[in-house]
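Chain residues, written in single-letter form:
Protein chains: 2
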Amino acid sequence: MNIVVVGLGSMGYGAASNCAKAGLSTWGFDLNSASVERFKAEYGQATNDWNDIDVIDAVVLFVVNAQQAESVLFDSPLMSKLSADATIINCVTIPPSKATEISAKVLDAGFGYVDAPVSGGAGKAASGEMSIMASGAPESMSIIKPIFDAISANVFDLGAEAGNGSRMKLINQLLAGVHIVSTAEALNMAASYDMDLQQVFEIITKCAGNSWMWENRGPHIVEGDYTPLSTVNIFVKDMGIVTDEANLKGVATPLSQTALELYKEASESGLGLEDDSAIVKILAQKSGVKVPGMD
Amino acid sequence: MNIVVVGLGSMGYGAASNCAKAGLSTWGFDLNSASVERFKAEYGQATNDWNDIDVIDAVVLFVVNAQQAESVLFDSPLMSKLSADATIINCVTIPPSKATEISAKVLDAGFGYVDAPVSGGAGKAASGEMSIMASGAPESMSIIKPIFDAISANVFDLGAEAGNGSRMKLINQLLAGVHIVSTAEALNMAASYDMDLQQVFEIITKCAGNSWMWENRGPHIVEGDYTPLSTVNIFVKDMGIVTDEANLKGVATPLSQTALELYKEASESGLGLEDDSAIVKILAQKSGVKVPGMD
Numbered sequence: 000m001n002i003v004v005v006g007l008g009s010m011g012y013g014a015a016s017n018c019a020k021a022g023l024s025t026w027g028f029d030l031n032s033a034s035v036e037r038f039k040a041e042y043g044q045a046t047n048d049w050n051d052i053d054v055i056d057a058v059v060l061f062v063v064n065a066q067q068a069e070s071v072l073f074d075s076p077l078m079s080k081l082s083a084d085a086t087i088i089n090c091v092t093i094p095p096s097k098a099t100e101i102s103a104k105v106l107d108a109g110f111g112y113v114d115a116p117v118s119g120g121a122g123k124a125a126s127g128e129m130s131i132m133a134s135g136a137p138e139s140m141s142i143i144k145p146i147f148d149a150i151s152a153n154v155f156d157l158g159a160e161a162g163n164g165s166r167m168k169l170i171n172q173l174l175a176g177v178h179i180v181s182t183a184e185a186l187n188m189a190a191s192y193d194m195d196l197q198q199v200f201e202i203i204t205k206c207a208g209n210s211w212m213w214e215n216r217g218p219h220i221v222e223g224d225y226t227p228l229s230t231v232n233i234f235v236k237d238m239g240i241v242t243d244e245a246n247l248k249g250v251a252t253p254l255s256q257t258a259l260e261l262y263k264e265a266s267e268s269g270l271g272l273e274d275d276s277a278i279v280k281i282l283a284q285k286s287g288v289k290v291p292g293m294d
Numbered sequence: 000m001n002i003v004v005v006g007l008g009s010m011g012y013g014a015a016s017n018c019a020k021a022g023l024s025t026w027g028f029d030l031n032s033a034s035v036e037r038f039k040a041e042y043g044q045a046t047n048d049w050n051d052i053d054v055i056d057a058v059v060l061f062v063v064n065a066q067q068a069e070s071v072l073f074d075s076p077l078m079s080k081l082s083a084d085a086t087i088i089n090c091v092t093i094p095p096s097k098a099t100e101i102s103a104k105v106l107d108a109g110f111g112y113v114d115a116p117v118s119g120g121a122g123k124a125a126s127g128e129m130s131i132m133a134s135g136a137p138e139s140m141s142i143i144k145p146i147f148d149a150i151s152a153n154v155f156d157l158g159a160e161a162g163n164g165s166r167m168k169l170i171n172q173l174l175a176g177v178h179i180v181s182t183a184e185a186l187n188m189a190a191s192y193d194m195d196l197q198q199v200f201e202i203i204t205k206c207a208g209n210s211w212m213w214e215n216r217g218p219h220i221v222e223g224d225y226t227p228l229s230t231v232n233i234f235v236k237d238m239g240i241v242t243d244e245a246n247l248k249g250v251a252t253p254l255s256q257t258a259l260e261l262y263k264e265a266s267e268s269g270l271g272l273e274d275d276s277a278i279v280k281i282l283a284q285k286s287g288v289k290v291p292g293m294d
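Sequence order for the protein chains is H and A.
All residue numbers for the first sequence refer to numbering that gives the first Met the number 0, where the first residue is 0 and numbers rise by one.
All residue numbers for the second sequence refer to numbering that gives the first Met the number 0, where the first residue is 0 and numbers rise by one.
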């Protein structure tokens, strides 16, 4: 099975390297030549030119958004390189309606499609322990099992219909995106009282205010380290997907709307490429509070 | 040591019963005669009349709010019953500034004061495993240690200054109150897609969207069971404390403000005495969605 992982960012690089380590014939593909050179040096096969690859049995998409996914799939030579029963595995966070649309086009072209957004961040991608929220035809799921085995610790099989995976990811992002902001809001409030933020972090971790994001992003704020593991701009995109879908359906998502406005404000203030926990700087500025890592 | 636990609601009843079980001489006090009769039947001593009690060495306050706490302490015969080095343990969630004010009055009157809000809910209160965010003079903390040992699994000692405990509780309530709403918002969105809510609950619990409140309140919504363990009205009060303090200090708390508005709307719609997870019904109504437990 000849696999191409498209998009060698923090998630895609981890996935591609774990495919290679598992002994699968793996190509890394990225327009960025530094990423291509790095993957080539570490794992052997990488390119930014489709002509370098003869036949592709599986494509794993880790590009940034739906537009890039569509561009790779439908406006590049990729489709002409696919073998007869090749499978597209789309790990990009996209609107569920878009997953349904892309899946239909790929199935119409005679190939397999698995809607497969992931959770776990760069750390779990690197260690091959991502969670995958997957939906697609059973035969496609079966064909790509060696790839999922290489890159993930949990595969949630959500049935045959593309869109199911993306809907579950949307629910996860709604919560994750709100909880990054609640973490920032709570630590900014604590900073306004001159509380010991490390102590606040440790105590809340044992109380009812705890969350996955509190445990994961809280230390970034306590240490004032906004080195991007996942950027503000990713949540501008993902909370945008949540609120666009909600608005289309007439579903009330007041916390998501509030969080999205803050992510946008942070991005417009020049924080878009910092870690998403840097949202705390926007709250601190509004409050006349100084949080760690602010000038 | 003669202890009086004032306020035999779900938290106070649990604390009082664990004091009694630990062999401490414990009175239950409540204006509600049904609670008094129940505690008397189960543990021996309870009343709604201060004249029934001769000398008090420690008071544990579990009333509803700051106003009730002040009324019990300063507008009842309680103070006249206190022994020479009696200690007031205030477990009520109140504004930090109010904790400082009440502490000063109690210390001025010659008694000890411990600012001691709790976390863990009715379950942990019943099992004697609450977490206590405590601040007060070391000698007071030492005197009341047998009481804390009886009612709690974790005591976070936050120093001598009253207010420190209440500030930590405020940070916890900010997060807890927002996360109950985010749990409701996510499950309402999932319901709008006709997703299997039990499956959503189980998968998100293993993903980055997870929180203490998701795990605790999520099942109430999935099962449509809004039997009150902690009511909507408690969060109208607690998020009100968060936003009042934030507004006084000019601190931005946009998620807390958004959550408070929903708690208020739920309370005004007649859901005030239902479980706080019933906030999902307000979101569902706004969205034209049907969630479990709705007519």
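Quick caveat, the hints were computed from the structure, so don't treat them as lab data.
Keep in mind that a hint or two might mislead.
Any copy will do: because identical chains look the same in the list, a pair fits if it lies in one copy or spans two.
[Unchecked claim] Cross-link-like lysine-lysine pairs, in silico, DSS-like; alpha carbons within 27 Å at most:
| no. | residue 1 | residue 2 |
| --- | --- | --- |
| 1 | Lys248 | Lys20 |
| 2 | Lys236 | Lys205 |
| 3 | Lys263 | Lys285 |
| 4 | Lys144 | Lys285 |
Quiz item: Are the CA atoms of Lys144 and Lys285 at most 27 Å apart within a copy, between copies, both, or neither?
Solution: Intra 49 Å, inter 42 Å, cutoff 27 Å: neither.
Practice problem: State whether the alpha carbon distance between Lys263 and Lys285 is at most 27 Å within one copy, between copies, both, or neither. | Solution: So Lys263 and Lys285 pass the 27 Å test inside a copy (15 Å) and across (25 Å) alike.
Exercise. Can you give me the call for Lys236 and Lys205, within, between, both or neither, at a CA distance of at most 27 Å?
Key: between (32 Å within a copy, 23 Å between copies)
Practice problem: Measure nothing new, just compare the shortest in-copy and cross-copy C-alpha distances for Lys248 and Lys20 to 27 Å and report within, between, both or neither. | Solution: neither (43 Å within a copy, 54 Å between copies)
This entry does not satisfy hints 1 and 4, going by the numbered hints stated previously.
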